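Fit chain B to the given chain A structure using the hints.
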Amino acid sequence: MNRVFRPARIAISALVLLFLWWLGSQFYADYIFPSVPSVWSAFTSAVSRGVWMEMVGDTLLHTLSAAGVILLIGLPLGIVIGRSRIAEDLSRVWLVFLQTVPTVVLIAIALIFIGANTTAVVTVTVASGLTYFMLSVVQGTRAIDRDLVEMAKAYHAGESVIMRAVLLPAVVPYVLAGARIMLGVAWQVTLFAEYLVGSAGVGFQISSAIKLLDTSGVFMWGLSIVAFTLLFEYGMFRPVEAYLTRHTRRS
Amino acid sequence: MSFVEITGLSHRFGRDRGGPVLSDVTLSVRRSEFVAVLGPSGCGKSTLLNVLAGLVSPTEGTVTVGDGTVRIGYVFQAPRLLPWRTARRNVEFGLEQTGASRSAVRERAAAALELVHLAEHADKYPNQLSGGMQQRVALARGLAIEPDLLLMDEPFAALDALTRSYLQEELLSLVRRTDSTTILVTHDIDEALLLADRVVVMTQRPARIASIVDVPFGPERSVASLIADERYPELRTSLRELLRPQVTAAAGPSRAQVTADA
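Going down the list, the sequences are from chains A and B. For the first sequence, numbering that gives the first Met the number 0 assigns the number 0 to the initial residue and increments by one for each residue that follows. For the second sequence, numbering that gives the first Met the number 0 assigns the number 0 to the initial residue and increments by one for each residue that follows.
These are computed hints drawn from the structure, not numbers from a lab. Treat the hints with care, since some could be wrong.
Stated by the list, open to error - Chain A is nowhere near these chain B residues, computed Cβ spacing over 10 angstroms in every case:
#1 D23
#2 I71
#3 R79
#4 E95
#5 Q96
#6 T97
#7 A121
#8 G130
#9 A160
#10 H186
#11 P215
#12 R239
To be verified - Here are some of the chain B residues that sit facing chain A, going by a computed Cβ distance under 10 angstroms:
#13 A52
#14 G60
#15 T63
#16 G67
#17 Y73
#18 F75
#19 A77
#20 W83
#21 R84
#22 T85
#23 I144
#24 F216
#25 P218
All values reported here derive from a predicted model rather than from experimental measurement. Where a beta carbon is used, it is the ideal one built from N, C-alpha and C, also for glycine.
Chain A extracted, bound-state conformation:
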């Protein structure tokens, strides 16, 4: 029964949201609460002018290159911190700092040191997203079953085999969970940084649209990001996770 009803319930709640949007827009001017058609036309016009592709491309580039840098730095650092007490103590202050410093302060500092450009946006995103990913890797490394490592050693497995066959697979679920949260944070921070730094990207477009009272544009850009977030969740994370954690399923 649930197989039929659950998608139906989700579809109904989506329709209710669209209906409320339509209803709300009946009472307000377009520059305050834009209607569904005007947001759609903002979308088609942005696409036909080529702005949409360009700006979404910029934001994707910012977010994904920051995410890539975070994975590259965060995985080895997280494993080292998870395995060594010394590394943990040395990194503690840095991690607490990165976790607590307000994003807006990071952006201000980046503007002073780097300037109003792409590098500043990416740097701020890396600085904000790194700890979310790294702490998850640290947790995964600590959760490694020492008994399995001992088993591998008893069968004369070398360091590289232990890394490939025992340690990495154990950390994978934590890496995925960390990457998922990190990417969510990275989208937010990138848009925010683009908004304030004002170089390029969807965040920058939103800041221009607001100045021109182009509320349809704000809605349209916002929904575009929502669409991409969902695409990454369902098009990438869910299938990859289902594949990599297939051994945890029973039957």
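Positioned in the frame of chain A, the structure of chain B alone reads:
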């Protein structure tokens, strides 16, 4: 000519919390012999196996196993299977470390799973197997590499009585078919008598050898034949006496030979 030679082995863990775990253990095991190391739980028997497997360097004493290049299979108390590998791939893990070719690895793993009657479950993940099946996979992993020395650390202790007695008989027939030397650590007297050629009785921690008992039953034995054997209850009783804390404390590291008619 002995195959495993343990001389004056003592071990204490770092900073000496709780004193030494092993004290002056000297033992030699012949090739193809099945030795059961019997002692109270937590007395340091596992440490003895870890030393033999090269996982722990002893504080004192020497251990030699064959010419030093022998293959060692280790079956732990818990199955210790890699959760992300199927039963087949878990059995292959041990084989992969021997440097055998891919096809040989696959072939021997299949044969080992056949041996423990798990061929039809080869592609299941540990999570999908019962505790007894998981332990059989672990046993197959140990047997697949055709070990010169098979170490077993209370491999059936965590299983229910029925599964345990079934696996003990299975193991009995398996070790008769191979000529590997086996050292089984256990606290189960019946298990020791069913499987072993000799029983080494350990004292409580620090573990020393209290006594070494020759098991008079031949290679063709079963639970039924042991129960029918009149020497069995006597042997059982004398081992029980040896395991009693006050008796073992008094016995010290002597190597009294207790036989069935003693």
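Hint-by-hint comparison with the structure:
Here D23/B stays apart from chain A, with its beta-carbon at least about 25 angstroms from theirs, past the 10 angstroms limit. With a cut of 10 angstroms on Cβ distances, I71/B falls inside the contact zone with chain A, its closest approach being about 7 angstroms. Its beta-carbon lying about 4 angstroms from the closest one in chain A, R79/B breaks the requirement of being farther than 10 angstroms from that chain. Against the 10 angstroms criterion, E95/B falls within the reach of chain A, whose nearest CB is about 8 angstroms from its own CB.
Remark: the non-interface label on Q96/B conflicts with the geometry, its nearest Cβ contact in chain A lying 5 angstroms away (cut-off 10 angstroms). Listed as outside the interface, T97/B is inconsistent with that label: its C-beta sits roughly 8 angstroms from the nearest C-beta of chain A, within the 10 angstroms cut-off. Every beta carbon of chain A lies more than 10 angstroms from that of A121/B, the smallest distance being close to 14 angstroms; the non-interface claim holds. Distance to chain A confirms G130/B as a non-interface residue, since its nearest Cβ pair spans about 14 angstroms, more than 10 angstroms.
At roughly 25 angstroms from the closest C-beta of chain A, the C-beta of A160/B stays outside 10 angstroms, upholding its exclusion from the interface. Every CB of chain A is more than 10 angstroms from the CB of H186/B (nearest about 20 angstroms), matching its label as outside the interface. No beta-carbon of chain A comes within 10 angstroms of the beta-carbon of P215/B; the shortest separation is about 33 angstroms. R239/B, annotated as away from the interface, keeps every beta carbon of chain A farther than 10 angstroms; the closest lies near 31 angstroms.
A hinted interface residue such as A52/B counts as satisfied when its beta carbon comes closer than 10 angstroms to some beta carbon of chain A; here the least separation is about 5 angstroms, so the hint holds. Against a cut-off of 10 angstroms between C-beta atoms, the interface hint on G60/B is violated, since the closest Cβ of chain A lies about 20 angstroms away. Checking T63/B against chain A by beta carbon gives a least distance of about 17 angstroms; that is not within 10 angstroms, so the hint is violated. Residue-level restraint check for G67/B is violated (minimum Cβ-Cβ distance to chain A is 13 angstroms; threshold 10 angstroms).
Interface restraint check for Y73/B: the shortest CB-CB distance to chain A comes to about 4 angstroms, inside 10 angstroms, so the restraint holds. Among the interface hints, the one on F75/B holds; its C-beta lies about 7 angstroms from the nearest C-beta in chain A, closer than the 10 angstroms criterion. Contact between A77/B and chain A, as hinted, is supported at the beta carbon level, the nearest pair being about 7 angstroms apart and thus within 10 angstroms. A least Cβ separation of about 4 angstroms between W83/B and chain A falls short of the 10 angstroms threshold, and the interface hint therefore holds.
Hint status for R84/B relative to chain A: holds, with the closest Cβ pair at about 8 angstroms, below 10 angstroms. This hint holds: T85/B has a C-beta 8 angstroms from the nearest C-beta of chain A, less than the 10 angstroms allowed. About 8 angstroms separates the beta-carbon of I144/B from the nearest beta-carbon of chain A, less than 10 angstroms, and the hint is met. For F216/B, the suggested interface contact is broken, since its CB lies about 30 angstroms from the closest CB of chain A, more than 10 angstroms.
Taking 10 angstroms as the C-beta cut-off, the interface hint given for P218/B is violated, the closest approach to chain A being about 28 angstroms.
Hints 2, 3, 4, 5, 6, 14, 15, 16, 24, 25 from the earlier list are contradicted by this structure; the remaining hints agree with it.
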